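Q: As a plain string of letters, each chain reads:
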Amino acid sequence: MFLGAYAMKGQTEARHLPEEDQDDSALMLLAASGDQRAFQKLMQRHLVKTVRLAARMLGSEAHAEDVVQEAFIRVWRHAPSWEDTGTAGAKFTTWLYKIVLRLCIDQKRKNRFVAIDDLPERADGTPDAEAGMETDEKRKRVKAVLQDLPERQRAAVVLSFYNELSNQETAEALGISVKAVESLLVRARRTLRDELQEEKP
Amino acid sequence: MKIDVFKHYTDSYSADLSRWPEELVKPALAFIETSPAAKAYFDEALKIDTALRTLEGRDGNYQKLEAGIMQKIASTPQERKPVPQQERSFRPAWVLAPGSGLLAAVVIGFFVGFQPQLQADYILDPVFYAEEQIIGGDDADIFNEEVF
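Protein sequence lines, in the order shown, are assigned to chains V and X. Numbering follows the numbering used here, with no gaps: position 47 of the first sequence is 47. Numbering follows the numbering used here, with no gaps: position 48 of the second sequence is 249.
Chain V on its own, in the form it takes in the complex:
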């Protein structure tokens, strides 16, 4: 009863703020009451980073878009019970990334084979094109090394480096301790160091 009244108060307060000023929690409260505009605003804020997270986890942007679509539908469906999900107090992004990571793992299990790279091939031989090819080769190499990392190490690197989460937030998204995250990052970066040094002439 008390919590319900508190949620109602939050929704009322959230409605009085301009959308740009509303934080993720306020928008989630509005989305929980069925406000599709608030949900769209929330999605627009996080769509690009979420697609990139999924793409780096899966190695394919096409697969990533499927995962992200499913993730946001789940967010919408479960928005009314968001505060009861056990992540109360955690940031919305931590909850969202957790959903995306789980879907990525499911997706990987379903499709053992995932395209390593979907970059367009370049064919011309101009200096610019050659430089571009070199960059593309480097990207392919980094992407392949990243994809070869064990799943949890890859998730730790992607969340902390690309999604710019703190080690504490990464730990919450992965459901592990900060010490464990640090351990994953140390091992991942040592592998990256070894693998990327090997390509040097």
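FYI, nobody ran anything at the bench for these hints, they're computed from the structure. On a predicted model such as this, the values are computed, not experimentally measured, just so you know. We treat Cβ as the ideally placed atom computed from N, Cα and C, and that holds for glycine. Careful: at least some of the hints might be erroneous.
What the hints assert, rightly or not - Label-pair restraints from in silico Cβ distances:
#1 V:33 <-> X:299: 38 to 48 Å
#2 X:299 <-> V:109: 53 to 63 Å
#3 X:297 <-> V:37: 47 to 57 Å
#4 X:297 <-> V:77: 39 to 49 Å
#5 V:109 <-> X:206: 32 to 42 Å
#6 X:236 <-> V:36: 15 to 25 Å
#7 V:105 <-> X:250: 22 to 32 Å
#8 X:204 <-> V:106: 18 to 28 Å
Add chain X to chain V, keeping to what the hints say.
A: Leaving out everything else, chain X in the frame of chain V:
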């Protein structure tokens, strides 16, 4: 700061010192200045960060994806929190409360029933209320006895 500790921090927080805990930044910078091994390790970490940045996404256009999601949302019902129902299942208290009251009443009744009925005995005491005295009346006996 020892080199192993420095390496651990560099791998945990990357070569971007803005990600490091504030209290470690100054000692780390001082260590890089004084230790060639630390400087070499930090330079390697910078190279890894640069390599990882080559994968930083191009600004994709996700309008189609966004429109697709919003279209799906429109036909997706939200899962409302179930309204807490009053508990209808059997509760032992429902039987125990009236049952224990009934039992207490039986026990009290049992003890009360076995108490000696003093008042009834007194009333029917044969010494004072012998059949012949009741029939004859007390007054008659008074005159028969040599009291006067």
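Q: Run every hint past the structure and note whether it holds.
A: Tested hints:
1. V:33 <-> X:299: 38 to 48 Å: Distance hint for residue 33 of chain V, residue 299 of chain X holds at roughly 45 Å.
2. X:299 <-> V:109: 53 to 63 Å: Holds: the Cβ-Cβ distance is about 57 Å, inside 53 to 63 Å.
3. X:297 <-> V:37: 47 to 57 Å: The hinted range 47 to 57 Å holds for residue 297 of chain X and residue 37 of chain V, with Cβ atoms some 55 Å apart.
4. X:297 <-> V:77: 39 to 49 Å: holds, 43 Å
5. V:109 <-> X:206: 32 to 42 Å: Holds: the Cβ-Cβ distance is about 38 Å, inside 32 to 42 Å.
6. X:236 <-> V:36: 15 to 25 Å: violated, 57 Å
7. V:105 <-> X:250: 22 to 32 Å: holds, 26 Å
8. X:204 <-> V:106: 18 to 28 Å: For residue 106 of chain V against residue 204 of chain X, whose Cβ atoms are near 42 Å apart, the range 18 to 28 Å is violated.
The structure fails to meet hints 6, 8 from the earlier list, while all remaining hints are met.
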